[in-house]
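All chains, please: the whole structure from these sequences, using the hints.
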Amino acid sequence: MNHRILVFLIAVIWLCGCSETTVTDSPSITELKGKALGTTWSVKILATSDFSLDDLRTDIVEKLEETDKIFSHWRPDSELYQFNAAITTTPISINPQLLSLLKHSKWIHQQSGGAFDPSIAPIVNLWGFGPVGKTRSTIPTNKQIGEALSLTGMNKIELLQKGLVRKKLPTLQLDFSGSAKGEIIDQICTLLQGWNFNNFLVEIGGEVRAHGKGRNGKGWVVGLENGGTGKDSLKPVNLRNYSVATSGTYQLNKPYPDSNQSASHLMDPRTGRPVDHDLIAVNAFAPSARDADAWATALMILGPKEGMEKAEELDMVARFCSTENGRMKISFSTAYQRLYLSDIP
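Its first residue numbered 1, the sequence shown is counted upward by one per residue in the numbering used here.
A few of these clues could be false.
Unchecked claim - Cut-off 20 Å, straight-line C-alpha distance, at most; resulting in silico cross-link-like pairs (PhoX-like, lysine-lysine):
| no. | residue 1 | residue 2 |
| --- | --- | --- |
| 1 | K63 | K33 |
| 2 | K103 | K162 |
| 3 | K143 | K162 |
| 4 | K103 | K143 |
| 5 | K168 | K106 |
| 6 | K106 | K305 |
| 7 | K103 | K69 |
| 8 | K235 | K218 |
| 9 | K103 | K156 |
| 10 | K218 | K162 |
| 11 | K329 | K235 |
| 12 | K329 | K310 |
| 13 | K106 | K156 |
| 14 | K329 | K305 |
| 15 | K103 | K168 |
| 16 | K162 | K106 |
Keep in mind that the hints were calculated from the coordinates and are not lab data.
The structure is reproduced here in structure tokens:
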């Protein structure tokens, strides 16, 4: 997971809580928050029984550290970093959680027509948005892009039996920035369910998963950022037993003389170049945060036309923010309209 890149177009959580551990028939919101994974995290709970706030915080922080040491491609002691550093075609035994995320990524890769591709690490590094610091301010040449593309491809990694994987290309590297954060949110939700909580919201760097009815019985209220400013910059929606993730281009970029817009950190694995379209943000909804996270990335790569077509094909709840003649344009998938706009006159 890319821990130095903050989430773009953060889904702002509008509920504020307190730190009470004793609750009544009308419980208040208990909130825990902190910093981890290169960003911020927040857990909000509506509980009907007493619990130890300190013990819960300890469990959450330990889980965040445990998963960071598995999925991070920045820290040298992580399992993913060590996998990337292994220059070999010999089968490697990897952590079951890392294997599960790899299997999920292969599935999303196939479903998205290659738009979602964790093997894009060499491209991300080349453009200066990964752990390789020497490329921060440079623009790669066509030759360099072609060479980096030759090092990518999900077909270059093979899943074997007994938890083994094999790099068909010894220098293959993976970057799970597009789904690891969602995976970690899902694991925090499992932890909370183990505490017997059934009404809570988990947010890490803007990606959100909600369980239960929230305070008003209609779900937890979250705000989706449009990428604009002022009173129209946020769109409130109710989230109940569902997740939403946001991917966008307007916050992290650098000058790109070969295009009429800046080079976004979002790389198209099919071209080896930054996305180059008018889509500036996508909100993707799914039952799991891992799915929502991955699909937000994939739809953003696909762009406004292909992304909407894919969302319609899969009956996906999705919201697209783009620019048209200098103005903001918001588009909705049919599933989004059915869920959130059907009651609007």
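- Please flag the earlier hints that this structure goes against, numbers listed from lowest up. Hints 3, 4, 6 and 10 not satisfied by this model.
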